[in-house]
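With the sequences and hints as input, model every part of the structure.
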Amino acid sequence: NAGVTQTPKFQVLKTGQSMTLQCAQDMNHEYMSWYRQDPGMGLRLIHYSVGAGITDQGEVPNGYNVSRSTTEDFPLRLLSAAPSQTSVYFCASSYSPGLGTEAFFGQGTRLTVV
Amino acid sequence: TQLLEQSPQFLSIQEGENLTVYCNSSSVFSSLQWYRQEPGEGPVLLVTVVTGGEVKKLKRLTFQFGDARKDSSLHITAAQPGDTGLYLCAGRGSNSGYALNFGKGTSLLVTP
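So the sequence lines, in the order shown, correspond to chains P and H. Residues 20 to 133 (this note's numbering) make up the first sequence, in order. Residues 45 to 156 (this note's numbering) make up the second sequence, in order.
Just so you know, the hints here were simulated from the structure itself, not pulled from any lab data. Careful, some of the hints might be misleading.
Covered by chain H, per the in silico footprint, the following chain P stretches (three or more residues, Cβ under 8 Å) [claimed, not checked]:
{"no.": "1", "region": "30-39"}
{"no.": "2", "region": "56-63"}
{"no.": "3", "region": "107-117"}
None of these values were measured; they are calculated from a predicted model. C-beta atoms are modelled at their ideal positions from N, C-alpha and C, and glycine is treated no differently.
Below, the structure is given as C-alpha cells:
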C-alpha cells in the first residue's frame, strides 16, 4: 500500500513565488490535514478537510490555500512564498476525525524559501 | 487550541537505562495518542489511550493516561538505540472538533 504520498520531497523557492504541495492517499480516508513542523515548535495544523468539497482552517492558515475536489487528493498552495514559510510540511489522513482514530502521515516536503 | 506540554524536550541516555516522558495539559482530552518520528519520516502511531487511568503496554513501552484525562506518560524500560527518535503526544480535545493537537515533542537519543 502506498498510504499517503507527498510530492515533492524537497523544494527551494524564491520569495514571492507560488507553488503547490501535492498530497494523495489511497486508503479512502475522509479526513485529511496539513501540518508544518518547525524546530522546537512541534506540528502545527494549517488546514484540514473532513471530506470532498469541505475544508477549514487550522492554527496557522495565513499564506496557504487548500481545496478538496476528490477524496484522494488534498493539495496545499502557497500563494506568495515568504522566508517564514521555510519548514517541513506533512500531510496526514485518517478514516475519520473521531475518537482515537489513527493519523497516517506522508514523508514530508522540506521547503526552503530564500 | 488546547496546549500539550511535553517534558523533557531533550533526553540523552545510554542503552539499558529507563526513562519517562511526560505530556501535560490544563485541558481535558477525549483521547490521547503517542507518535514516534524518525529523521526524514512522518510520525507513526504508537498507541491511543481513551479512558482515564488507562495503562497500555507495547513491548518495553508503557503508556498511561491520567485519571482526569489531562496528562499522559510514556515509560521505556531498558532503552535500546532503536528507540532513538522524536516522541510526540497528540490529543483531540472534548471541545476541539476535528483538530489533532500536538505537543512539541521529546527528542530521545539512546547511545550504545
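How the hints compare with the structure:
1. Here's how the region 30-39 of chain P fares: 0 of its residues keep a CB closer than 8 Å to some CB of chain H, so the rule of at least three is not met and the hint is violated.
2. For the region 56-63 of chain P, the stated coverage by chain H holds: 5 residues have a C-beta nearer than 8 Å to a C-beta of that chain, and at least 3 were required.
3. Here the region 107-117 of chain P counts 3 residues with a CB under 8 Å from a CB of chain H, which clears the bar of 3, and the coverage holds.
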